[in-house]
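Enquirer: Chain by chain, the residues:
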Amino acid sequence: MYEHDVLIVGAGLAGLRAALESIEAGKNTAILSKVHPVRSHSCAAQGGINAALTDRGDDWKDHAFSTIKGSDYLADQDAVEIMCQEAGENLIELENMGVIFSRGEDGKLGTRRFGGQSVARTFFVGAITGSAMLHVLYEQTVKQNARVYEEWFVTKLIIEDGVCRGVVAMDMHTGKLEIIKAKSVILATGGAGRIFEPSTNALICTGDGLALAYDAGASLMDMEMIQYHPTGLAGNGILLSEGARGEGAYLLNSEGDRFMKVYAPEYLELASRDVVSRAEQTEIDEGRGVDGCVLLDLRHLGREKIEERLGYLQEVATEFRDIDLAEQPIQVKPTMHYIMGGIKTDSSGATDIPGLYAAGECANVSVHGGNRLGANSLLDTIVFGRRSARAAIEYISTVKSHSTSNVELKNETERIKNIVDRSNGERSATLRNEMGIAMTSGIGVYRDTASIEMAKNKISELLDRYPNTSIDNKGKVFNTDLIFNLELKYMLDVALTMCIGAEQRKESRGAHYRTDMTERDDANWLKHTHVKNENGNPKFYTSDVKITDWKPEIRKY
Amino acid sequence: MVQTAKEIVQITIRRQDPEVDNNKPYYQDYNVEVEDWFTVLDALIKIREQMDGTLSLRCACRASICGSCAMRVNGQAKLVCKTKLTSVLKDNKVTVEPVGNMPVITDLTADFKPFWDKMHAVDPYLKPEEEAPEAEYIAPNEDMVHLVGVMNCIMCGACVSDCTVLEVKDNFLGPAALAKAYRFVADPRDDTETERLENLVEDGGIWDCTRCMQCVEVCPKDVDPMDRIMAMRANSLKKKMNKGYGARHANAFTSLIKSSGILNETLLILKTKGFFNIIELIKLLPLAIAAQLAGKRPPFLSHSIKNKDKLKNIFKKLEKK
Chain A
1 MYEHDVLIVG AGLAGLRAAL ESIEAGKNTA ILSKVHPVRS HSCAAQGGIN AALTDRGDDW
61 KDHAFSTIKG SDYLADQDAV EIMCQEAGEN LIELENMGVI FSRGEDGKLG TRRFGGQSVA
121 RTFFVGAITG SAMLHVLYEQ TVKQNARVYE EWFVTKLIIE DGVCRGVVAM DMHTGKLEII
181 KAKSVILATG GAGRIFEPST NALICTGDGL ALAYDAGASL MDMEMIQYHP TGLAGNGILL
241 SEGARGEGAY LLNSEGDRFM KVYAPEYLEL ASRDVVSRAE QTEIDEGRGV DGCVLLDLRH
301 LGREKIEERL GYLQEVATEF RDIDLAEQPI QVKPTMHYIM GGIKTDSSGA TDIPGLYAAG
361 ECANVSVHGG NRLGANSLLD TIVFGRRSAR AAIEYISTVK SHSTSNVELK NETERIKNIV
421 DRSNGERSAT LRNEMGIAMT SGIGVYRDTA SIEMAKNKIS ELLDRYPNTS IDNKGKVFNT
481 DLIFNLELKY MLDVALTMCI GAEQRKESRG AHYRTDMTER DDANWLKHTH VKNENGNPKF
541 YTSDVKITDW KPEIRKY
Chain B
558 MVQTAKEIVQ ITIRRQDPEV DNNKPYYQDY NVEVEDWFTV LDALIKIREQ MDGTLSLRCA
618 CRASICGSCA MRVNGQAKLV CKTKLTSVLK DNKVTVEPVG NMPVITDLTA DFKPFWDKMH
678 AVDPYLKPEE EAPEAEYIAP NEDMVHLVGV MNCIMCGACV SDCTVLEVKD NFLGPAALAK
738 AYRFVADPRD DTETERLENL VEDGGIWDCT RCMQCVEVCP KDVDPMDRIM AMRANSLKKK
798 MNKGYGARHA NAFTSLIKSS GILNETLLIL KTKGFFNIIE LIKLLPLAIA AQLAGKRPPF
858 LSHSIKNKDK LKNIFKKLEK K
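From first to last, the protein sequence lines are chains A and B.
All letters in the first sequence, in the order written, are residues 1 to 557 by our numbering.
All letters in the second sequence, in the order written, are residues 558 to 878 by our numbering.
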C-alpha cells in the first residue's frame, strides 16, 4: 500500500503548482495523473495569464472589477480579491522559474489586451502560454524529483468517518487496482468538456474529479454555467485563441459587417465571452452566418505579427483548414470550452469534505461566477493551486495516520470486473455521442425550459442504459476501452448536475441565457446553485453570493 | 458540418499485446469508412470506438499541442492528429505503427521511459546563480521569441523515433533532450551555460549527431533539433572545449581545408584520433583493410588546390564574423 501526506490528482497547472508548494514545504507529496503531466489539457491554453502589476501602474482592484462584471456578479468577491491581489506575485514567480514570457522593448514583461478587461494586462508566450507554463512547472517537479503516479486512474475517493483518506486507483500499465492512502487529497483534474459535442477540450477532459467528489458527497456548484468560446473551429471544435482578437482581429458576418458594434459598442470583439458567443449565435440564427459560422479576420494584422505573436493559430488554421490567416478569414463558431461551475471550495480550496481539496477548472472557488474572462483561468490554477496546497499542509498537521479498510478496494475491484465481464452490450461511444449532442442542443448558448428538460431526460435515460454497456478489451495492460467506460459514467453523473442547475436557475445570468426568462433576477437569483449526492439522489439547494465592494449593476460592454 | 465525400480505406495497424501470443507483433487490416477531412487520428479513433475497442493508443488534445499521438505512418514518425489521411494514403492504404527507438507497451502505445530519462538527464530547468530579482528578469524580447521556437517542443518523441543514431547507439541523449538542453544554454537568465556544455560534449552528447536531418524532417512543431545541436557545438568550440573526438574532428577538418583546400581523409583520421593513439588506430585497421580491398582507401598524400589565396580570403571573412 502507498501512503502520502498530500496526494494531488491531476498534473496540469493547478496540480503541479500545488505539488511544488507541498514538496517545498517538505511534505511527503505525490502527483497522480491518467496522462503524463505535459499531456494535461492546460497545455492547450493559448492566449495568456492576467495580472495587474502595480509596479507599472496597474491596479488589482480594476482587474477584480473586470472579473466580477465578467462573472455577471455571480463570483464570490472575497475570492476574486484574493486572486487579483496575489496575481502579480504568482506571475513573477513563474517568470523566475523560467517561463519565457514575451517582453516589451525595455526587456520587461509585455502584455496584450484580453476580453472584458479595460486595459492590457495579459502576459503571454506567443499563442502557447499554457504549454510554456506547464512545461516549466513540470521542469520544476523534475528538479524536485517529485513522485508521480504516471498513467494511473482514480476510480474512487476513500471517505472514512466523513474524512477523505486517499483514493482507489488503477495503474493503467498493469490494470491493477491499489489503495493510495493520503492524509489529504487535492483534486486538480480539470474540466469536463467531452460531455458536449463538439468541444474545444481534449479527449481526456471527462470531469473525473467532479464526479469523484460528487460521488463522495461534496457539493457541485453553478454547474449550469458552461462557457462557449466565441472562436472554435467548425466541425471538431479546435480552439483559436482570444489572443487573435486581443491583437486586433475582427469578427465579421456574411455581409462583411463587424457585427459586435451592435452588441457591445464599447468593447466590440473584446466583450466578455458569453456576450460575444450570444452575438455570434444571433447572427447565425438570423441568417447572417456563413455555413453556420461567422468569420474571424486577421488579415489586417499582417503576416509578421500573426507569425510572431500568434504562430500556433497560424499552424492550426493551415494544418486543419488549409487557411493562411494572413490571406483569408477563417470560419468560427461558439464552441463549448470551459465550466465555470465545479466542486464548491472556499478560498483555500477546501471542499465540504475534510481532507479533500480542489483547485483549477474542476473547482469552483468561485472566481468566475457566470462567465470567466479570458486569461483568468491560468491565473486561477496558479493562485488556487498553491493556496489549496498550503491549506492541505495546515490541515494535515492536525491529522494522525489511520489504518484504512480494504472495503472500497474490494468494491471497486468487483465493479470493474463486472464491466470487463459484460458482453454484447452497447458501446460506450454510442452513449457518449448521444450525450454530447443532447447537451449541446439542450444546454447551449441559448436554452429554455423545454431544451433543458430534453437534455435532462436524455441524461437520465443514458444513466439507465449505462449498466448495459460493454467493452471489447478484456485485457489488463493499458486497457483504454475500460478507461473510456469509466469516464463515461463520470460524464453522465456530471451532466446530470449541469441539467439540474440549468433547470433550477430561473433567470438569465452570464453564460446561462434562457430565452424564456431573459432577465437577470438579482432579487431571487443572486445565488449559487448546488447539487449534492444524497444516498444516490441529487439534492438541490442554493447559497448566497459574497458581495464585498461591488454592488450588482447593469452589465454592458 | 460541411458535406463531404466518404470512402472506404484500408488502415493496417501494427499490434502487440503482452497478454496475447507472447507479445508477438502482428499486422491487422481495418477497412474504415472515412470522410475527406479525416486526420489519421480521426480514423484510429473511429476504429477503436466503433469497430475494435481492443486497439490501444494515446491521444488527447487533437490539436497538435499535447504531444500524445506521435506514431509511424508509412514508416515515418508523425503526429497523427495533424496528419491528414489524404496526405498519406497510397492506393487507399496506409500503415500505422508505434514510434521507433522505444519499447512498445501495447499496440500503438509506446513506453516513453527512455525518452523521459534522457530529458531529465540534461537538468531541464533554469539554473540562475544569484537570487531571483524582485521583479522579472530583464531580457531582450528577441531572445525570448527565439526560445519560443524551442519551447514549441511538445515532447511527442517523433524526432527520437526516427533518429538514426539512436538506432545504433543507446546512450545518445537524442534530439529532443538536446533541444531541451539548448533551451537553457540559450536562455539569458541561465548562468550555467559552460557547465551544461561541458556535460554535453561528453560521449552521448552533441558530437554523436550525424546530421542526418531526420529529426528536422519529422518534427511536427518545427523545433529543428539538429540546428540546436549544431548551435551548441559552435558554442562549445568557442569556449575551447576541444578535447573530445567530435571537437577534434571538427577542428582537424577545418585546419586541413584551410591549409590545402582539400580534405586529406587519412590525415583527418590521424588528427582526430591522435597520431600516437595506437589503440584507437588499431581499432580502425579492419576498416582500413576493407577500404583497401574495395579500392576505396584514401591516398596518404594529397596536393593543394590552386588559388589558395581565394580560400584564405573566404576564411578571413568567416573568422571576422
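Rather than coming from a laboratory, the hints here were simulated on the basis of the structure.
Treat the hints loosely; a few may be bogus.
[As the list claims (entries may be wrong)] Capping the alpha-carbon separation at 16 Å, the derived lysine to aspartate or glutamate pairs in EDC-like fashion look like this:
id, chain 1, residue 1, chain 2, residue 2
1, B, Lys684, A, Glu93
2, A, Lys143, B, Asp680
3, B, Lys670, A, Glu150
4, A, Lys143, B, Asp609
5, B, Lys796, B, Asp727
6, B, Lys641, A, Glu507
7, B, Lys641, A, Asp322
8, A, Lys474, B, Asp609
9, A, Lys143, B, Asp674
[Unchecked claim] Which residues of chain A face chain B? A partial, calculated answer using Cβ under 10 Å:
id, residue
10, Val38
11, Lys176
12, Leu177
13, Glu178
14, Leu268
15, Asp448
16, Thr449
17, Ile547
Fair warning: this is a prediction, and the values are worked out from it, not measured in the lab.
Using N, Cα and C, we set each Cβ at its ideal position, and we do this for glycine too.
Enquirer: Each hint: holds or not?
Expert: Hints and how they fare:
| no. | hint | in the structure |
| --- | --- | --- |
| 1 | Lys684(B) to Glu93(A) | 14 Å, holds |
| 2 | Lys143(A) to Asp680(B) | 7 Å, holds |
| 3 | Lys670(B) to Glu150(A) | 11 Å, holds |
| 4 | Lys143(A) to Asp609(B) | 41 Å, violated |
| 5 | Lys796(B) to Asp727(B) | 28 Å, violated |
| 6 | Lys641(B) to Glu507(A) | 45 Å, violated |
| 7 | Lys641(B) to Asp322(A) | 11 Å, holds |
| 8 | Lys474(A) to Asp609(B) | 12 Å, holds |
| 9 | Lys143(A) to Asp674(B) | 13 Å, holds |
| 10 | Val38 | 6 Å, holds |
| 11 | Lys176 | 13 Å, violated |
| 12 | Leu177 | 17 Å, violated |
| 13 | Glu178 | 19 Å, violated |
| 14 | Leu268 | 27 Å, violated |
| 15 | Asp448 | 25 Å, violated |
| 16 | Thr449 | 28 Å, violated |
| 17 | Ile547 | 33 Å, violated |
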